[in-house]
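Chemist: Here is how the chains run, residue by residue.
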Amino acid sequence: MPETVVYRARKIVTLDPNRPEATHVAVREGRILAVGGPDCAAPWGGGRLDERFGDAVLLPGFVEGHGHMMTGAMWRYVYAGDQDRVDPDGNLHKGMPSVEAVVARLKEAAAEIPEGEPIVAWGFDPIFLPTERLNCRHLDEVSKDRPVAVVHSNFHLLTVNSKALEMAGYSRDTNVEGVARFSNGEPNGELQEMAAMFPILRRCRIDFRELSRREPAVRAYAKSAMRCGVTTATDLAAMLEDEDVDGLLRITAAEDFCLRIVPTLVFREMSPADFVSRAQALGKRSSDMLRLGSVKIVTDGSIQGFTARLKWPGHLGGQPNGIWNVPPKQLFEVIEALNAARVQMHIHTNGDEASEVTLDALEAALCKSPWPDHRHTLQHVQLAGEDQFARMAAMGVCANLFANHMWYFGDAHYEISIGPDRARRMDACRSALDHGVTLAIHSDTPVTPMGPLTVAWCAVNRITPKGRVLGEAQRITVAEALHAITLGPAKTLKMDDEIGSIETGKKADFAVLADDPLSVAPYELRNIEVLGTVSGGRVFMA
Amino acid sequence: MSGAFETEGGGPAPLPPLPVTVISGYLGAGKTTLVNRLLTEAHGRRITVLVNDFGEIPLDESLIVNRDGDTLSLANGCMCCSIGGDLFDAIDRILEAHPRAEHLVIETSGVADPAKIAQIAMAEPDMALILTATLVDAANFEAGLADPLLADTLVRQVRAAGLVVISKADHAGAEATAALAATLAQMAPATPRVEAAFGALPIEMLLDPAEAPAPAGHVCGPDCGHDHAHSHDPAQDHGAHYRSWSWSGAEALDAAAAEALIGAEDIGLYRLKGVARTPAGWVEFHRAGRQSSFRPAQAPADGLSRAVAIGFAARFDAGALDARWRALLV
Numbered sequence: 001m002p003e004t005v006v007y008r009a010r011k012i013v014t015l016d017p018n019r020p021e022a023t024h025v026a027v028r029e030g031r032i033l034a035v036g037g038p039d040c041a042a043p044w045g046g047g048r049l050d051e052r053f054g055d056a057v058l059l060p061g062f063v064e065g066h067g068h069m070m071t072g073a074m075w076r077y078v079y080a081g082d083q084d085r086v087d088p089d090g091n092l093h094k095g096m097p098s099v100e101a102v103v104a105r106l107k108e109a110a111a112e113i114p115e116g117e118p119i120v121a122w123g124f125d126p127i128f129l130p131t132e133r134l135n136c137r138h139l140d141e142v143s144k145d146r147p148v149a150v151v152h153s154n155f156h157l158l159t160v161n162s163k164a165l166e167m168a169g170y171s172r173d174t175n176v177e178g179v180a181r182f183s184n185g186e187p188n189g190e191l192q193e194m195a196a197m198f199p200i201l202r203r204c205r206i207d208f209r210e211l212s213r214r215e216p217a218v219r220a221y222a223k224s225a226m227r228c229g230v231t232t233a234t235d236l237a238a239m240l241e242d243e244d245v246d247g248l249l250r251i252t253a254a255e256d257f258c259l260r261i262v263p264t265l266v267f268r269e270m271s272p273a274d275f276v277s278r279a280q281a282l283g284k285r286s287s288d289m290l291r292l293g294s295v296k297i298v299t300d301g302s303i304q305g306f307t308a309r310l311k312w313p314g315h316l317g318g319q320p321n322g323i324w325n326v327p328p329k330q331l332f333e334v335i336e337a338l339n340a341a342r343v344q345m346h347i348h349t350n351g352d353e354a355s356e357v358t359l360d361a362l363e364a365a366l367c368k369s370p371w372p373d374h375r376h377t378l379q380h381v382q383l384a385g386e387d388q389f390a391r392m393a394a395m396g397v398c399a400n401l402f403a404n405h406m407w408y409f410g411d412a413h414y415e416i417s418i419g420p421d422r423a424r425r426m427d428a429c430r431s432a433l434d435h436g437v438t439l440a441i442h443s444d445t446p447v448t449p450m451g452p453l454t455v456a457w458c459a460v461n462r463i464t465p466k467g468r469v470l471g472e473a474q475r476i477t478v479a480e481a482l483h484a485i486t487l488g489p490a491k492t493l494k495m496d497d498e499i500g501s502i503e504t505g506k507k508a509d510f511a512v513l514a515d516d517p518l519s520v521a522p523y524e525l526r527n528i529e530v531l532g533t534v535s536g537g538r539v540f541m542a
Numbered sequence: 001m002s003g004a005f006e007t008e009g010g011g012p013a014p015l016p017p018l019p020v021t022v023i024s025g026y027l028g029a030g031k032t033t034l035v036n037r038l039l040t041e042a043h044g045r046r047i048t049v050l051v052n053d054f055g056e057i058p059l060d061e062s063l064i065v066n067r068d069g070d071t072l073s074l075a076n077g078c079m080c081c082s083i084g085g086d087l088f089d090a091i092d093r094i095l096e097a098h099p100r101a102e103h104l105v106i107e108t109s110g111v112a113d114p115a116k117i118a119q120i121a122m123a124e125p126d127m128a129l130i131l132t133a134t135l136v137d138a139a140n141f142e143a144g145l146a147d148p149l150l151a152d153t154l155v156r157q158v159r160a161a162g163l164v165v166i167s168k169a170d171h172a173g174a175e176a177t178a179a180l181a182a183t184l185a186q187m188a189p190a191t192p193r194v195e196a197a198f199g200a201l202p203i204e205m206l207l208d209p210a211e212a213p214a215p216a217g218h219v220c221g222p223d224c225g226h227d228h229a230h231s232h233d234p235a236q237d238h239g240a241h242y243r244s245w246s247w248s249g250a251e252a253l254d255a256a257a258a259e260a261l262i263g264a265e266d267i268g269l270y271r272l273k274g275v276a277r278t279p280a281g282w283v284e285f286h287r288a289g290r291q292s293s294f295r296p297a298q299a300p301a302d303g304l305s306r307a308v309a310i311g312f313a314a315r316f317d318a319g320a321l322d323a324r325w326r327a328l329l330v
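Taken in order, these protein sequences are the chains called A and B.
FYI, the numbering for the first sequence is 1 to 542, going by full-length UniProt numbering.
FYI, the numbering for the second sequence is 1 to 330, going by full-length UniProt numbering.
Hints listed in this document are in silico derivations from the structure and should not be mistaken for laboratory results.
Keep in mind that the hints are not guaranteed to be accurate.
Mimicking DSS-like on lysine-lysine, the simulated pairs with C-alpha atoms at most 27 angstroms apart in a straight line are [to be verified]:
#, chain 1, residue 1, chain 2, residue 2
1, A, Lys94, A, Lys223
2, A, Lys329, B, Lys116
3, A, Lys223, A, Lys144
4, A, Lys144, A, Lys107
5, A, Lys144, A, Lys94
6, A, Lys311, B, Lys116
The following label-pair restraints were derived from C-beta to C-beta distances [said to hold, decoys possible]:
#, chain 1, residue 1, chain 2, residue 2, range
7, B, Gly69, A, Asp84, 37 to 45 angstroms
8, B, Gly69, A, Asp55, 49 to 57 angstroms
9, A, Asp55, B, Asp68, 56 to 64 angstroms
10, B, Asp68, A, Asp274, 14 to 22 angstroms
From chain B, some residues computed to sit far from chain A (all C-beta separations above 10 angstroms) [to be verified]:
#, residue
11, Leu27
12, Asn76
13, Asp266
14, Leu328
Note that beta-carbon positions come from the ideal geometry of N, C-alpha and C, so glycine has one too.
Based on the provided sequences and hints, a complete structural model is requested.
Modeler: In structure tokens:
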């Protein structure tokens, strides 16, 4: 008979309304056999007691409903952010509080990087540094004869040294948008947006997408997830070529692999019928640890990048409205085709106009081809108002809100992009729940760092770095936030029958925490230490 | 190897930049038809076309000699590549291909801002932007402008263009086409327009018109001064609509003044290209429609500066250009 292990914990927060708390959980064949007290496994013939979690608190393994595998590719390069960050192997990288500190770190790193290779850093964010803006003169101190390139945390900016500028042919005579300059007209090393960045990235062979398709990135993604308690994560915009799927099936099946991955096939301009058949073919290749078959559609851009499609009154500074990634007409066609073929969709909509058009398209598709439990999910859906949540509820559309924006971009939204009124009601978790919409909250890693307890902290507190409370009326409780990082996203992935709570029959997927989120002060939520995870009954400690 | 980042060295001579044309336009404007023509007509060039999805192009199967994932190779040396996951990856593949194409045409998605795509070709030293052409569907453009979800996208595409191609004028009829021409004139007053009735756009207009004979189509400049509501017979000789100008010499040019002249909007230039010596070194320059570029270049073997230009007869004053050009000599 297969072994039964009974784990004792200081406390088990189950998210199961029938037994919200427990002290013991019995695990057999990677699944939860029983939950309760010391004798919970007794009706099943008992089990071996394991006390390693005796001082810890167990929660259902967290579910990252909107992340990207690219997260795993970044650590190949030097970290240059202002915040402390832990790499997938558990090493702490201290945040750098000044440009001088960044330069010193790059000098150290340059000594270790082989001659002939560029010196590349990532995670830099000038808005958090009080000093002079990073420029090529600073980076020339790192090297004069090798290219030095610092990728900013938003991936839309790159600062490089003079050698890299020379390789790209950038000079005072360059007439290219996005090549920033000193007051004397010479390029200062800062390059804005992909067009201006491309000549450097190409010559230094920096390609994050390509890196993220390789095994080290997949493994790093899983380890990073484990360190923040995540046992199931999406890769929410994947190309999924056949060889990518072969690789993912092999890597995720390994005994030491700790993450269930849900990659969604991203839509690009192609015939809806071809896209539907690709999604359906992928669905047939799912395994226990790799869940395929759902798709992603990106309708607009980002609010902080001024590329989201907004309703009136638009951007605070009068910038033009954002961009469509899919023509509205084609959006109607592809949504109709996918819905008719019973392919579940995750649809990126940041601006309220994008959400509205998408809801119109979903309504038309669902009228033509009713699907009672489709769980089509709007992703980000940051500016949805009461009216749009009411429509989502009526249609059974789920919402995965980008609650991390409160902390990472909240002040910028309030002051620069959309102004106070809409900044206060963005990522409206309270409204979603009050309307009965299935709610998940996410990090969009690597846009913001993966960390469900931090996302939950944002949704509960709605505090910005400048100390604003952005929309007190939209705060949710800690219990609601825990639901929105476990069962909520599990529902948006149609996996709530398998994961998302600790109850008999589900996967033995747990987050192992040093403290109880329901007992600490709500403001301390993000400071709770994550000790590791249990994935399908296998223990992985940070 | 320490020489990895040396900019000069013993390797083969660097290839000249790959000329790039960006083709933009909303759904149904005729981009796919145009791409099909670029791939299959007897223009004698190895063109690579980058498209979102080549499944949409009604290519004659007998012309295809090879299929390899994202790339179709045709018997005439042309290739059609699908963008796949990432535009930048696709461009990199094309720049690294052996042999490299002679011209790259990028077909943008129906809602893309072509200015953003054109910026890539302007920034990358291995590419040279020739032209952004925006196709406008004469039968449906005005309806699109009336749609608040679409209007700004369409206007952006027209404003980014160096040349506006009015397609399907034969479907729309003379009256609607004339009204559209007026709308476009207001939207982008300095941008030349060409009516490509019956798909008859001379493709040299999109590739490198300064080297081509006067094309057999009719180009309406902003001050063309005639009734635009007539239909165009592609067989009719419209060579008289063009004037050209050329210059070569050993003198150096004043760089700043030359750059200003190449971008000038008051001499009716459509296309200009050349290479010239300046006190700070050699430069190459291009102009197509409203778009121009000016950047450092290798010296030509004969050490001579040269420039060639073409414009619409009704508008282009070759004499004025000649006088202003000579004023640049230092």
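Chemist: When you take the CB atoms of Asp68(B) and Asp274(A), is the distance between them in 14 to 22 angstroms?
Modeler: 19 angstroms, holds
Chemist: For Asn76(B), which was marked as not at the interface, is the minimum beta-carbon distance to chain A over 10 angstroms?
Modeler: 26 angstroms, holds
Chemist: Can you confirm whether the C-alpha distance between Lys94(A) and Lys223(A) stays at or below 27 angstroms?
Modeler: OK: Lys94(A) and Lys223(A) at ~19 angstroms, within 27 angstroms.
Chemist: Take a quick look at whether Lys311(A) and Lys116(B) sit within 27 angstroms of each other, Cα to Cα.
Modeler: 23 angstroms, holds
Chemist: Are the Cα atoms of Lys144(A) and Lys107(A) separated by 27 angstroms or less?
Modeler: Holds, at about 12 angstroms.
Chemist: Taking C-beta pairs only, is Leu328(B) more than 10 angstroms away from all of chain A?
Modeler: 16 angstroms, holds
Chemist: Taking only the CA atoms, is the gap from Lys144(A) to Lys94(A) under or equal to 27 angstroms?
Modeler: With Cα atoms ~26 angstroms apart, Lys144(A) and Lys94(A) stay inside 27 angstroms; holds.
Chemist: Examine each Cβ of chain A, and state whether all of them lie more than 10 angstroms from the Cβ of Leu27(B).
Modeler: Violated, since 6 angstroms does not exceed 10 angstroms.
Chemist: Tell me if the straight-line CA distance from Lys329(A) to Lys116(B) falls inside 27 angstroms.
Modeler: With Cα atoms ~22 angstroms apart, Lys329(A) and Lys116(B) stay inside 27 angstroms; holds.
Chemist: Determine whether the Cβ-Cβ distance between Asp55(A) and Asp68(B) falls within the hinted range of 56 to 64 angstroms.
Modeler: At roughly 58 angstroms between Cβ atoms, Asp68(B) and Asp55(A) fall inside 56 to 64 angstroms, so the hint holds.
Chemist: Given the hint of 37 to 45 angstroms, is the C-beta distance from Gly69(B) to Asp84(A) inside that range or not?
Modeler: 43 angstroms, holds
Chemist: Taking the closest pair, is the beta carbon of Asp266(B) still more than 10 angstroms from chain A?
Modeler: 20 angstroms, holds
In this structure, the hints that do not hold are numbers 3, 11, in rising order.
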